[in-house]
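J.: Keeping their order, the protein sequence lines are chains A and B.
When we follow the numbering used here, the leftmost residue of the first sequence carries the number 5, and every step to the right adds one.
When we follow the numbering used here, the leftmost residue of the second sequence carries the number 5, and every step to the right adds one.
Note: identical chains are not told apart, hence a pair may lie in one copy or across any two.
Straight-line Cα separation of at most 30 Å, DSS-like style, residue types lysine-lysine; simulated pairs: (1) K227 / K112; (2) K123 / K227; (3) K123 / K69; (4) K123 / K112.
Read the hints as simulated data drawn from the structure, not as lab findings.
There are 2 protein chains.
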Amino acid sequence: MSLVVQKFGGTSVASTKHIQKVAEKIIQARQRGQNVVAVVSAMGDNTDRLDELAKEVNFNKVGAKREIDVLLSTGEQVTIAVLSMMLMKLGCPARSFTGGQAGIFTDKSHTRSRIREIKPDRLLESLELGEVPVVAGFQGIDCHGDITTFGRGGSDTTAVALAAVLEADECQIFTDVEGVYTTDPRVVDQARLMDRVTFEEMLELASLGSKVLHARAVEFASKYQVPLRVLSTFVQGEGTLITKEDKLNMEQPIISGIAFTKDEAKLTVLGVEDVPGIAWKILGPISDANIGIDMIVQNVAADNTTDFTFTVIRDDYHEAMDLLNQVAMDIGARQVNGDDKIAKLSIVGVGMRSHAGVASKMFQVLADRSINIQMISTSEIKVSVVIAEEYIELAARALHSVFNLEEKSIKS
Amino acid sequence: MSLVVQKFGGTSVASTKHIQKVAEKIIQARQRGQNVVAVVSAMGDNTDRLDELAKEVNFNKVGAKREIDVLLSTGEQVTIAVLSMMLMKLGCPARSFTGGQAGIFTDKSHTRSRIREIKPDRLLESLELGEVPVVAGFQGIDCHGDITTFGRGGSDTTAVALAAVLEADECQIFTDVEGVYTTDPRVVDQARLMDRVTFEEMLELASLGSKVLHARAVEFASKYQVPLRVLSTFVQGEGTLITKEDKLNMEQPIISGIAFTKDEAKLTVLGVEDVPGIAWKILGPISDANIGIDMIVQNVAADNTTDFTFTVIRDDYHEAMDLLNQVAMDIGARQVNGDDKIAKLSIVGVGMRSHAGVASKMFQVLADRSINIQMISTSEIKVSVVIAEEYIELAARALHSVFNLEEKSIKS
Numbered sequence: 005m006s007l008v009v010q011k012f013g014g015t016s017v018a019s020t021k022h023i024q025k026v027a028e029k030i031i032q033a034r035q036r037g038q039n040v041v042a043v044v045s046a047m048g049d050n051t052d053r054l055d056e057l058a059k060e061v062n063f064n065k066v067g068a069k070r071e072i073d074v075l076l077s078t079g080e081q082v083t084i085a086v087l088s089m090m091l092m093k094l095g096c097p098a099r100s101f102t103g104g105q106a107g108i109f110t111d112k113s114h115t116r117s118r119i120r121e122i123k124p125d126r127l128l129e130s131l132e133l134g135e136v137p138v139v140a141g142f143q144g145i146d147c148h149g150d151i152t153t154f155g156r157g158g159s160d161t162t163a164v165a166l167a168a169v170l171e172a173d174e175c176q177i178f179t180d181v182e183g184v185y186t187t188d189p190r191v192v193d194q195a196r197l198m199d200r201v202t203f204e205e206m207l208e209l210a211s212l213g214s215k216v217l218h219a220r221a222v223e224f225a226s227k228y229q230v231p232l233r234v235l236s237t238f239v240q241g242e243g244t245l246i247t248k249e250d251k252l253n254m255e256q257p258i259i260s261g262i263a264f265t266k267d268e269a270k271l272t273v274l275g276v277e278d279v280p281g282i283a284w285k286i287l288g289p290i291s292d293a294n295i296g297i298d299m300i301v302q303n304v305a306a307d308n309t310t311d312f313t314f315t316v317i318r319d320d321y322h323e324a325m326d327l328l329n330q331v332a333m334d335i336g337a338r339q340v341n342g343d344d345k346i347a348k349l350s351i352v353g354v355g356m357r358s359h360a361g362v363a364s365k366m367f368q369v370l371a372d373r374s375i376n377i378q379m380i381s382t383s384e385i386k387v388s389v390v391i392a393e394e395y396i397e398l399a400a401r402a403l404h405s406v407f408n409l410e411e412k413s414i415k416s
Numbered sequence: 005m006s007l008v009v010q011k012f013g014g015t016s017v018a019s020t021k022h023i024q025k026v027a028e029k030i031i032q033a034r035q036r037g038q039n040v041v042a043v044v045s046a047m048g049d050n051t052d053r054l055d056e057l058a059k060e061v062n063f064n065k066v067g068a069k070r071e072i073d074v075l076l077s078t079g080e081q082v083t084i085a086v087l088s089m090m091l092m093k094l095g096c097p098a099r100s101f102t103g104g105q106a107g108i109f110t111d112k113s114h115t116r117s118r119i120r121e122i123k124p125d126r127l128l129e130s131l132e133l134g135e136v137p138v139v140a141g142f143q144g145i146d147c148h149g150d151i152t153t154f155g156r157g158g159s160d161t162t163a164v165a166l167a168a169v170l171e172a173d174e175c176q177i178f179t180d181v182e183g184v185y186t187t188d189p190r191v192v193d194q195a196r197l198m199d200r201v202t203f204e205e206m207l208e209l210a211s212l213g214s215k216v217l218h219a220r221a222v223e224f225a226s227k228y229q230v231p232l233r234v235l236s237t238f239v240q241g242e243g244t245l246i247t248k249e250d251k252l253n254m255e256q257p258i259i260s261g262i263a264f265t266k267d268e269a270k271l272t273v274l275g276v277e278d279v280p281g282i283a284w285k286i287l288g289p290i291s292d293a294n295i296g297i298d299m300i301v302q303n304v305a306a307d308n309t310t311d312f313t314f315t316v317i318r319d320d321y322h323e324a325m326d327l328l329n330q331v332a333m334d335i336g337a338r339q340v341n342g343d344d345k346i347a348k349l350s351i352v353g354v355g356m357r358s359h360a361g362v363a364s365k366m367f368q369v370l371a372d373r374s375i376n377i378q379m380i381s382t383s384e385i386k387v388s389v390v391i392a393e394e395y396i397e398l399a400a401r402a403l404h405s406v407f408n409l410e411e412k413s414i415k416s
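In isolation and in its complexed conformation, chain A is listed as follows (with noise of 0.2 Å):
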């Protein structure tokens, strides 16, 4: 009998209706034969509740970070109740399971814990009665028995860690959205829901800003080998199948996806003395202000400078640019520059690794359009760019025709 892992997230579970219709597919999926383990976020205002409930006390010492685990990881306990009740009501047997009584053993690191060691031991005994387990995720215990979480994304790491201890056929994530697209169908109409993608592109498609899977649960499901698939909770469909590279079929397409991102801002050092350490005297006191930094890129100039070029979430770009503004004047740089209404936007594809000329055409295809292109930055399986923020949609749109990406590709 096949074993599928089934995670519903906080909008898929925000109400005791909501929570039916999440029942109601687990209970399809046992009809077509199917054994389902069900892992689970909190509802949607119980999470909102509990956040000011913390924000009230307004605390955030290190002892605190215990505390706060104490009281977030309720969330996902209210709702393995609730999501038990309710399929038992509809006659299926169940059983909830927090993080702990799973037996997802993490280290000590409150609000950011990793998991060390899964102990399915009562899962399997569930399993074995028939019944459907259904699993608090996004938590755990360390090894005082300690409640820990894992921070953001939190509850597909729960979801991806078990399909791998339990060897499931599949990892299943259900959200307010059909599947992956080749680009944001608000933006551009074209866009195709994919019926399937690599671990590697989903991975770069996610840290661009695709907010459908949290980057850490894709890497967790690429290095077990865990077939993940994205669906939605609400509308019928196969989704999408985020799986190994498939040796045989070479008739990859050479891109997959267009991802861009509006949140980030840059920031340029111009006429820096070229030598070495003068990276980290730039970024070291931005990433002392815990101000995450994304592309970097530095160029020689021909007099012996250089210029250095980065860019940050844009909401930190006043704190980042009084914080460069210092450093200059500290380092000698001749000037700073900035721009707030700046994009970025990616092309990825497992396919570039066999075409070459895949970036060259998407220059073409933005010179073409008059687009002019601030910063480039490069993986083996994506090329991204800096452009002004007012040609992003263009500059999508023009990329996902010329690429064909409304197009089946030949492997799905």
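Start from chain A and add chain B according to the hints.
T.: Below, chain B alone, put in the same frame as chain A:
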């Protein structure tokens, strides 16, 4: 160094503002040189929310009780996290413990479990570190690690049980009243806050409608000789100490308190044949319908028939009457009467043991005011009467005055 267990109920932890007051109370005790273990209930509105969720699923089979416990226990878990953070914020080291983490092991009776054993190692460790252990009331775990809850008054039970096992000097129940009164101060202006009352008296008063403390917690405290104190979270004061009878103090007041309740109704079967088994025939169907029976009185009449009277909770009056009419026909009784405009009034005091004539003094006081007594029931330290509801305030005030309850007793 002395140790106190301080328990704070739902109204005392209703909001983060309330929880700050609670934290300040705890810190004051520590400044007086006491170690504190805190036990808390769920925040008021949170309990309502969880009840609402359970109601929405509306399923109450046996298996669901396990899940009800998983659901409800999150209420206290939220409070322990918030109070621990609040204490730390105010500079007081603290650590939260769920029932299971506190080592509270119970039987497997979900929603009404009983404590089997307490392993307080982690609490002792926390005290050793100079922290305030903050324990979730109302909950424990069974031998499988499944979450169990205690039913009504459960947090009081947790507090008393921990006080017993930790050999605390006192178990303090903080609530929204200032302590235990000689009678209901809303009815009798002269009602006096008692300094002390014995366990036995408190048990009678608790079971008779003084809703300050749950009877189960008092029994527990009595059994393990834990001095129990009821006091207000919001008003400074010493409250009422509930303790074992003081053998050295012979000058007990004759009665300690007057309790009364209007939430009962009376049913009478007239002209029943007086044969063995008749009480069971009458009360069996009532019990089978899950209707609780309080007072029972049976009198023998001259013609070898008997009249049988008992009281039930007023909400169950009509259902009980329907059942009783059926029973009366089956057993050939002459008539069935009922009255739901009654009240029960009791005088309670360990002093009765050594003073004759307490009951007759009570009856005289009522007779002087032309109050007819409908039923009488007595125990070693209590006399209860049923009278017409409209006379209850008059009776309470008269008895309070005649037995000198407004005067501070000698023993305190």
